[in-house]
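K.L.:
Add chains B and C to chain A, keeping to what the hints say.
Chains as they are written, first to last, in this note's numbering: chain A, 1 to 437; chain B, 1001 to 1283; chain C, 2001 to 2298.
No lab work stands behind these hints, which were simulated from the structure alone. This structure is a prediction, so every number in the text was calculated from the model and none was measured. Any given hint could be a false lead.
Keeping only pairs whose Cα atoms sit at most 20 Å apart, straight-line, the calculated EDC-like set for lysine to aspartate or glutamate is [unchecked claim]:
id : chain 1 : residue 1 : chain 2 : residue 2
1  : B       : Lys1064   : B       : Glu1045
2  : A       : Lys427    : A       : Asp228
3  : A       : Lys427    : A       : Glu236
4  : B       : Lys1064   : A       : Glu52
5  : A       : Lys333    : A       : Glu58
6  : A       : Lys232    : A       : Glu420
7  : A       : Lys188    : A       : Glu254
8  : B       : Lys1064   : A       : Asp357
9  : A       : Lys188    : A       : Glu168
10 : A       : Lys348    : A       : Glu124
11 : C       : Lys2100   : C       : Glu2180
12 : A       : Lys348    : A       : Glu60
13 : C       : Lys2100   : B       : Glu1014
14 : B       : Lys1064   : A       : Glu293
15 : B       : Lys1064   : A       : Glu51
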Amino acid sequence: MKKRTILAACLIATVLAAPLFAGGQREKVQEDVLEYASMWNPGEPQAVYMEEMARKFEAETGIRVDISFAGRDVLTKIRSRILMGDVPDIVEQDFSELAGAFLRNDGILVQPLTDFFYQTPGPEGQPTMMDLFDENVITLYAHNNEIYFFPYEFITSGFFYDKTLFAEQGLSAPRTWDEFIQVNRDLKAAGIPPLALDGNISFYNAYYYYWALTRVMGPGHLARAAGDRTGKTWDEPGYLEAARMVYQLSAGGENFFQPGYAGSNYPAAQADWALNRSGSILCGTWIPSETREQTVDGFEVGFYPFPEVPGGAGSVGDVEAYLIGFAVPVEAKNPEAAREFMRFISRKEHANQLARDTINIAARTDAAYPRLLEGVRPTLEGAQRFHVSYDGVMQLYPEWFANVFYPVDNALVFGNITPEEFISRMKADTIAFWRNR
Amino acid sequence: MTVAGRIGKLTWWEIFARALLYLWCGFSIFVFLWVINSSLKTNREFFSNIWALFSTPQTANYEKVWVTYQLGRYFINSLLLVLPSVLALLAISAPAAYVLARIPFPFREGLTRIVSFGMGIPYQLLLVPLFFLLFRLGLINNLLGLILVYVALSVPFTVFLLLGYFRTLPRTLEEAAEIDGCGPIRTFFQIMLPLARNGLVAAAVLNFVGLWNEFLLALTFLNRQSLYPLSRGLYALQGSLQYTGDWVSLFAAFTLVVIPTFLLFILLSRTIVAGMTMGAVKE
Amino acid sequence: MKRKHLPMVVTFLAPCLLLYGGLFLYPAGRAFYVSLFDWSGFTADMRFIGLGNFQELLRDRHFWRVVMANSFGIIFFGGILTFAIAFFLSGLIATGPRGKGFMRGLIYFPSIINPVAVAILWSFIYNHQYGLLNGFLRAIGLGHIQPTWTAPETLFWAILVALVWMYSGFYFVILSSALERVPPDQIESARIEGASEVRIFFSVKIPMIWDVLITTIIYWCIAAVKEFSLLYAWGGGVDVPQAGAQNLATYMYITAFGRRVTMYRMGYSTAMGVVMFLIVVAFYLVITRVTKRDEIQY
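So that you can see chain A by itself, here it is in the shape it has in the complex (with noise of 0.2 Å):
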């Protein structure tokens, strides 16, 4: 009997005791603690990269970057812990993504950064830190003339091909639709699906119908359809012929898309099209880096932008300006820390060390290119005008993106409907969308 009692007090003590041990998991804040919530997974090529930054600069200045990698849903919680008072004093995303959750319109809650891009000297004694970015590019994501965002990554997007296939093939990187549409074909007639689409990502699945739409009529015009309560702007013809572009690639159309594209659970397309299964693919400038594991010998990245099209108010100039960096929340407690961040991984030689490491294009704009990104840089230096990624709509109208384009836009990219359903249910969709709020 006394060894039971002695069982039943040790499990009322464990009990007791666990929840002051759980307790003790709280971590304290320190003074020379820079705290950092990022977008990363623990692992990933940025992840590491992050990590020996943290090192470097705790060595350099004393400072502990205690890094929490909370992966891409790193926005949908963070929120909590700001209204907690447990501040983080660097957040990160892409722009995108920082401004819709974070300059909204109950508030902004993250701090301007315009000082610190115009009034503080860069890391090798530039006159500023602007200086080592292209203006119209960190400019892009302003709101209300404030600057709140701090870049370290370039993206764009664009067709990836392996040149080492085109040449076989007695093919080359085509500019405007028609040539698209005849690589596409070759392609085709020898056996290979021309064109690779994870179709489980709607997000994927979007680029074609933005990137139409931004060749016919230049940036902002989804952007404006969106917003419209009336939907009447979807019947302006730009928007037709746009869904009639990528009809054409559809099953509905010349079917140019990899069988089983509309299933096709990511990252299968890319690893195919990385094992030279499979002609280009639509995607951002990470490509390259999540395919390095599955890519065959000899393939060699090239990279082409959206083509033109005839007549159309867009072209190869309009490049996608897609930034991925930092926020300093207003209640930060280390935010001179966080700046001294930022200056200290925009020194060249840490960009350059982004790039090689990471296999993407750094924001400074004096950094080096990853050798399998040199593909883009003709058109980076070409470009005459920049704009938002999927024209700003994702941080704009959120919702109205991910409840009412993506499932329209799906059927279409999957040729399950005609370029004037399209318009049709685009137009009734967004009206109840509105009607609704």
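P.N.:
Just chains B and C, lined up with the frame of chain A:
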């Protein structure tokens, strides 16, 4: 058996039954073996032929997942979360169930009904209010907060299960104890609780398995990667391994997550099955 | 009541009821209140809109066309499949094959695997290019058909099969052990009277396990309405879930807490929670009324 036909000692029906059973089980075994085999390949090996056997076992995949992708930490967090939850749950549910089962007092029926009522509430109903309750208490991103939630949400089922167990014990035990001068509290700890051991073990194991696999609450209430339990961590890991196109490591992660469950299952399958059927049949 | 029991009753019940009341009943009650507000959650500014959230739900096309359709699809089609398979396997295993215990364990095992892991596993099985199913079709010379299992039209059904694979073992164990407890002499006497196996199943076995069956069906309804993990984890969180992978539970979670897209519509989300609760209540009432024979015994 009225089903016509026989081969040897077996009827056609029995042969058919066996074939289907072997097929169903064979499918599961095959899938698991395929995953384990794939987890020992390199990515290039896997993508070039999904059927081929691994050439040299790539244990580096496992190391990468466990260390670099921090699956090891998620395991520890899960233990820190689930063990105290289960112990606390038993510590508060067993006395409550005992009182509700065996001590007469006013409103006993009503209380019992209120507690079992919780089993019918999908806990998504209280997700948002609970989030802001914990938020005000400063218990978001805190293992203690999630432990309290786990315990509170598991109370109805656990009390219900133990209630059934205590009810089956013979009344004469308490009477004898009382004659011996044993107070009701002592009777509970020294006589009734040990007799209900099987029930306690079943409740512990079933709750352990349930909470070990819990995903939604961990996703909602823990946003710090250093605190992620297994489900949440595996979800994060799946994301990052897809971004890096590293499928074989994902296979390794799957294997690492499933193997402990499998071992636990081998050890405790009898208790699990007994507890489950007990819960269902008693209701 | 004997007065001397009072301290014991209070001390034994208090911790349990406090926790249950504070962290379960109170927030559950508050949910009904919150569902009447337009509220972004992190401000004190809650705007009372009465039944406005429910009216919006009625008009929300996505909610009806996708979310509710899938949730009821899981309850009905998933339920029919799960119970059919559970009964079928029970019948098979009752023939007493060799390795019975092992197979029973193996059939049960998927229901205790981490559901996130199950999502990962089945996306490998279905994968178009590198998946097991299409690989198998290629291996047996049917490479030309290679269906796209996870195409938008079939994704829901593909996920449903994974759910059934995961859950059927649980119901199989409960139902088969209930069936084993049916007295063999009753079956035997029915057999002597010349009843077919099918008839024996429906008129002898089913009535004998009736209470267990009703309890498990109610349990299924609750579990099916709540189903979240496998659907949410499907595809790994790269994007908002596709239509086929959304149900009430995932939609309400995303409306409140977001996934890639931040929404913070706490009132609207909680209104969906209330709908979930009402669905469970409705099923409970219908099932217990329709199947009522005697009092369900507790």
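K.L.:
Please write out, lowest number first, the hints stated earlier that are contradicted by the structure.
P.N.:
Violated: none.
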